[in-house]
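Put chain B with the ligands on the given structure of chain A with help from the hints.
Going line by line, the protein sequences match chains A and B.
Counting from 1, one number per residue, gives the positions in the first sequence under UniProt numbering.
Counting from 1, one number per residue, gives the positions in the second sequence under UniProt numbering.
Note that these hints are calculated values from the structure, not bench results.
There could be a bad hint or two in this list.
To be verified - EDC-like mimics (lysine to aspartate or glutamate), calculated; alpha carbons at most 20 Å apart, straight line:
#1 A:K260 / A:D359
#2 A:K79 / B:D231
#3 A:K106 / B:E164
#4 B:K186 / A:E99
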Amino acid sequence: MNDSTGKAIQVEGVCKRYGHVSAVNDVSFDVRHGEFVSLLGPSGCGKTTTLRMIAGFVMASDGHIRINGRDVTYLPPEKREVGFVFQNYALWPHMTVAENVAFGLKLRKRDKAFIRNKVEESLAVTGLSGFEGRLPRQLSGGQQQRVALARALALEPQLLLMDEPLSNLDRALRVAMRRELKKLQQRLNMTTLYVTHDQEEALSMSDRVVIMSGGEIVRVARPLEVYEDPQSEFVADFVGTTNFFDGIVSDIGEGVATVKVGETLTLRVGNRISAAPGSAVRVLLRPERVRILAERREGANMLAARVDFIEYYGPTLRYTVALPGGEALFVEAHDIHGSAQIGETVWLSIEPDHFRLIDRKGAPAS
Amino acid sequence: MRSPDIGTAALRLFTYAAMAFLFFPIIITLIVSVNPREFILPPSGFTLDWFKAAWTSETFVRAMGVSLILGIVASLVANTLALLAVLAMVRYDFKGKALINLLIMSPLLIPTTIFSLALYVYFVQLGFGGGIPALVIGHAIHVLPFAARILTASMQNFDTSLEEAARNVGAGPVRTMLSITLPVMKTGLISSFVLCFVLSWNDFPISVFLAPPGWTPLPVELFTYIKFQYDAVGAALASSLILISGIAMVVIDRMAGLRRVLRG
Ligand SMILES: Nc1ncnc2c1ncn2[C@@H]1O[C@H](COP(=O)(O)OP(=O)(O)OP(=O)(O)O)[C@@H](O)[C@H]1O
Ligand SMILES: [Mg+2]
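Looking at chain A on its own, in the form it has when it is part of the complex (with noise of 0.2 Å):
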């Protein structure tokens, strides 16, 4: 069910206080049809306010929520007709498996063969055949997390909202999860809201990222953008390691600008926001983007640096260097073989466009 807005979700507005305290703040964004959109950020951030406004569990103090277009700011839940995956399942105890997937089709006064069709196709899907006599206190996190996922389903919403549904499973089942579930969300084609704390989870599966802080939306962009091209020291933060300089631009050329960070350093830096000479700006650098040489070489940037510590990670090595003004760098290097040691000293080879620029707007100028 199309309608002309192509928007399955619109959230304007919407605000959440309770009492003094403002959960959620001044929260705007859409979901498309058939996407998937996961909303992202810190503990208490909320990310779960904001999907409970949206599935009706807690009415929002201000703005307005519509489903397909239509407005179900003030409909309560059991008339928005949308899928909801908590993050503790909340599968009912005193229910096995099937009635708890049967439960909502019951409640539609279906007949009694389709329902038991359907509920052996939602456990099918959801890799729950022969689990249908269990009760949930029988069954294993991963798949009373199934159930829940298969409750959901069971009634083929348009529009399912899943609350960190992964959180609880151990890390080799969650991964395992993530990407069944992404493809069932693809199979099925279903607009997904889906609430993580995770970032990996949050960039491996969305078609979009939302990222909120402190009750607020901070940026929406697809998960490349977001961890390519930060735009704000949070969002650099949160998603992925970065390091970070304060410096003046002092020159400007052909799409690069050179920017002093204190008295010793100079970068070259891709000038993507056309920041102009003089102007303070923030610098930010992702450690994989560095690469770390023995020697001099020539290249835009070539700076030297001193070993001082180093963590071994598996896939990767991450260095912590201190360059000669004392400011310390994480790299990230895949190289393990010819590592350097401790105390050496080693060349950071940066490439301009590696950097990314932000506008420190009001911190003062020299």
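For chain B with the ligands alone, kept in the frame of chain A given last:
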């Protein structure tokens, strides 16, 4: 310094002594009710004659029926009220919550005899002192705090996302209450009901003040009987009361664990 073993042993001894002291009258009552030689100890054998006499007496059977109906109705009333009150108090914050809680719990603070007399006077003023409604209300108020305590614990353990999940798949508030909330709280509800029933079943003071003629519950009937006739039929009747309470306690224990229920 005292060895902890001696301390533990002493405590154990004291506990057993206290229990023996409490159980002694009950045990004597049970023995007397099956002893063929009326009130002469040690017992000379085993007989169920006294029980037979008690259970075939029309007065006593009727009193038992009264107690049964009274217990069930009062427990139903008390648990319904307690459930609604607890639902509001656990889930919502509102002004006067502490006061309402105190009111519900207040029957525990007042000696039952005084409380019963007060109720009697009050009901007389209202114009229905010594009627069946007065008796039921009196019992219901008496057991209300116990129901409230058990159901509060039960409600606090209840995960509200279970209700949200039901609403989400299309169940309205009433359907959700009937299909999810009450069944999930079943253990607490049954425990609470049985405990209330036992309390009502054993109550004497409230019934003395409030029971109308022809509607005498068993403990009052028993008291009246023992006052005038000092025989083993009374003991058999008392034993019946004890046994039924005992069975009820076993039911609660099986259902929920007595310790958990009484701790509230
Ligand atoms: N019922 C409530 N009463 C008062 N404050 C609340 C209530 N529910 C949530 N909050 C507050 O609103 C803010 C947002 O909560 P929310 O549960 O939406 O966070 P979240 O982003 O889902 O966090 P997490 O990742 O830890 O689940 C928090 O500061 C929280 O304390
Ligand atoms: Mg949350």
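Taking the hints in turn, this is what the structure says about them:
1. A:K260 / A:D359: 14 Å, holds
2. A:K79 / B:D231: Violated. K79 (chain A) to D231 (chain B) sits at ~68 Å, over the 20 Å cutoff.
3. A:K106 / B:E164: 17 Å, holds
4. B:K186 / A:E99: Between K186 (chain B) and E99 (chain A) the Cα gap is close to 18 Å, so the pair holds against 20 Å.
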